[in-house]
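Protein chains in written order, with this note's numbering: chain X, 1 to 273; chain W, 1 to 273.
Among these hints, one or two may not hold up.
Said to hold, decoys possible - Subject to a maximum C-alpha distance of 30 Å in a straight line, what follows is the list of computed DSSO-like cross-link-like pairs (lysine-lysine):
id, chain 1, residue 1, chain 2, residue 2
1, W, 175, X, 27
2, W, 260, X, 34
3, W, 12, W, 260
4, W, 260, X, 160
5, W, 44, X, 70
6, X, 44, W, 70
7, W, 138, X, 160
8, X, 160, X, 13
9, X, 109, W, 109
10, X, 259, X, 44
11, W, 159, W, 128
12, W, 70, X, 138
13, X, 128, W, 27
14, X, 128, W, 160
15, W, 259, X, 70
16, X, 77, W, 196
17, X, 109, W, 70
The set of hints was computed from the structure by calculation and includes no laboratory data.
Quick caveat: nothing in here was measured; it's all calculated off a predicted structure.
Number of protein chains: 2
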Amino acid sequence: MKTEALINQIRKKQSFLCVGLDTDLEKLPSHLLKEEDPIFEFNKAIIEATQEFCVAYKPNIAFYEAYGIKGWKSLEKTIDYLNTHYPEQFTIADAKRGDIGNTSTRYAKAFFEELNFDSITIAPYMGKDSVEPFLAFKDKHTIILALTSNVGAFDFQTKKVDGQELYKMVLSTSKTYENPQNLMYVVGATKAEYLKDIRKIIPESFLLVPGVGAQGGDLQDVCKFGITENIGLLVNSSRGIIYASSDEHYASSAKEQAKKIQLEMKIELDKLK
Amino acid sequence: MKTEALINQIRKKQSFLCVGLDTDLEKLPSHLLKEEDPIFEFNKAIIEATQEFCVAYKPNIAFYEAYGIKGWKSLEKTIDYLNTHYPEQFTIADAKRGDIGNTSTRYAKAFFEELNFDSITIAPYMGKDSVEPFLAFKDKHTIILALTSNVGAFDFQTKKVDGQELYKMVLSTSKTYENPQNLMYVVGATKAEYLKDIRKIIPESFLLVPGVGAQGGDLQDVCKFGITENIGLLVNSSRGIIYASSDEHYASSAKEQAKKIQLEMKIELDKLK
Chain X
1 MKTEALINQI
11 RKKQSFLCVG
21 LDTDLEKLPS
31 HLLKEEDPIF
41 EFNKAIIEAT
51 QEFCVAYKPN
61 IAFYEAYGIK
71 GWKSLEKTID
81 YLNTHYPEQF
91 TIADAKRGDI
101 GNTSTRYAKA
111 FFEELNFDSI
121 TIAPYMGKDS
131 VEPFLAFKDK
141 HTIILALTSN
151 VGAFDFQTKK
161 VDGQELYKMV
171 LSTSKTYENP
181 QNLMYVVGAT
191 KAEYLKDIRK
201 IIPESFLLVP
211 GVGAQGGDLQ
221 DVCKFGITEN
231 IGLLVNSSRG
241 IIYASSDEHY
251 ASSAKEQAKK
261 IQLEMKIELD
271 KLK
Chain W
1 MKTEALINQI
11 RKKQSFLCVG
21 LDTDLEKLPS
31 HLLKEEDPIF
41 EFNKAIIEAT
51 QEFCVAYKPN
61 IAFYEAYGIK
71 GWKSLEKTID
81 YLNTHYPEQF
91 TIADAKRGDI
101 GNTSTRYAKA
111 FFEELNFDSI
121 TIAPYMGKDS
131 VEPFLAFKDK
141 HTIILALTSN
151 VGAFDFQTKK
161 VDGQELYKMV
171 LSTSKTYENP
181 QNLMYVVGAT
191 KAEYLKDIRK
201 IIPESFLLVP
211 GVGAQGGDLQ
221 DVCKFGITEN
231 IGLLVNSSRG
241 IIYASSDEHY
251 ASSAKEQAKK
261 IQLEMKIELD
271 KLK
């Protein structure tokens, strides 16, 4: 998907919400467990309920890989369902992969071609030749972990490297890689105040922002420091939406929750006018 | 597998060779392509041919994931074959995963429990709460990327952080994580001279060393700077062994190549006496 198509969709729906499909068998409403593929049935219902209020879906691959071949089948069915019924939705394989050269190309082919995701999350530790193989795919997006929302982010990401924090070096170095137009970045909402500095380095790139809601991040702060003329934000909510209730009304609860966030987002978008 | 069992196996076989199963359909001998599962048939033959000369096998997960569900089946069959027929072999899922908390636990369960690998490779960028979920598994080993063998390693890993290189900070910080006895590290053979400094920080930890052979690293240098009383090294060779020839004699060529490296390793081990 071209970035323009994503921006158009955001303007049309007045939403930059990404719904995280971190689907966990142990948390599913019990009546779904008798289905042949409870994970896919759950995802399908969540997608149907939330799609009018969001512009992106992000399955975290760990939740599927944990169930082996069965999990991969659920993942395939989910991405196929999205691409068939809602091709306007931006799809993110939250895989946090990272390997070298040809091996990275393998991962890129797996997610961009075999599964036909629009984007994938990538760890930057191995540098240039681990990232560029992903960037080589036209109209596919590589979302680099820059500043994550967890406690461990302070172990290395915020440490000073040659006078600037490592995550800033990741941002500026990655801009020198081939095909930087295909780059996006993960920046945790729990560190919204960092967004001011981040926007100095990458004024226009799209940011995938986890951590609003369950992890304590604040939407207004994220927008205050991170929003751009072309919005430049995808704010993710996973648990807060998909597990809004755990009974048979889970889909309508998810819908309500997604709608609530979309309305908050509309207020922020109105401020841009 | 307990570390002691690995050390015993190294002493018994006089080898610390790890064979990388980076099995690529495009590089397989053509007569295998008519098999139902060419990747597994290839792996099985490589394992049979090389197992007496090596102590570990390391499938790079990207090569399997690239083929979707079919690839996962080949991976499952390969690890099951190893665990059934050669349980003394140390198995490494070269997955380079890294996520947070419960999500990391998902990956850990997928590789340590579902697939029953002895170890997994992990990217350190997200810090403590991305690594500790893996370390919590008894007698399972978490192999952190420290200093990799690729060009991109110079982007961030060797940059100075608070006066010391980032990879050294990764080594020293990770030692403070819970269950550090389950840690091992990836250190590329192309940077053997760095091993002297590395051993000052982690004098006894096992190192997984890629880059000998095809990538230009030298076994003697790696041993000179990296070997310990308990050996502390697993030196990996992938392409140099598994693609030693591409005709119907691929298995015996792989055997010859593995044997050759094992003999070089024996010379290094003899120096310890």
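Checked hints:
no.: 1; hint: W/175 / X/27; result: violated, 34 Å
no.: 2; hint: W/260 / X/34; result: violated, 55 Å
no.: 3; hint: W/12 / W/260; result: holds, 17 Å
no.: 4; hint: W/260 / X/160; result: violated, 45 Å
no.: 5; hint: W/44 / X/70; result: holds, 24 Å
no.: 6; hint: X/44 / W/70; result: holds, 24 Å
no.: 7; hint: W/138 / X/160; result: violated, 34 Å
no.: 8; hint: X/160 / X/13; result: violated, 40 Å
no.: 9; hint: X/109 / W/109; result: holds, 25 Å
no.: 10; hint: X/259 / X/44; result: holds, 17 Å
no.: 11; hint: W/159 / W/128; result: holds, 20 Å
no.: 12; hint: W/70 / X/138; result: holds, 26 Å
no.: 13; hint: X/128 / W/27; result: holds, 26 Å
no.: 14; hint: X/128 / W/160; result: holds, 18 Å
no.: 15; hint: W/259 / X/70; result: violated, 39 Å
no.: 16; hint: X/77 / W/196; result: violated, 50 Å
no.: 17; hint: X/109 / W/70; result: holds, 15 Å
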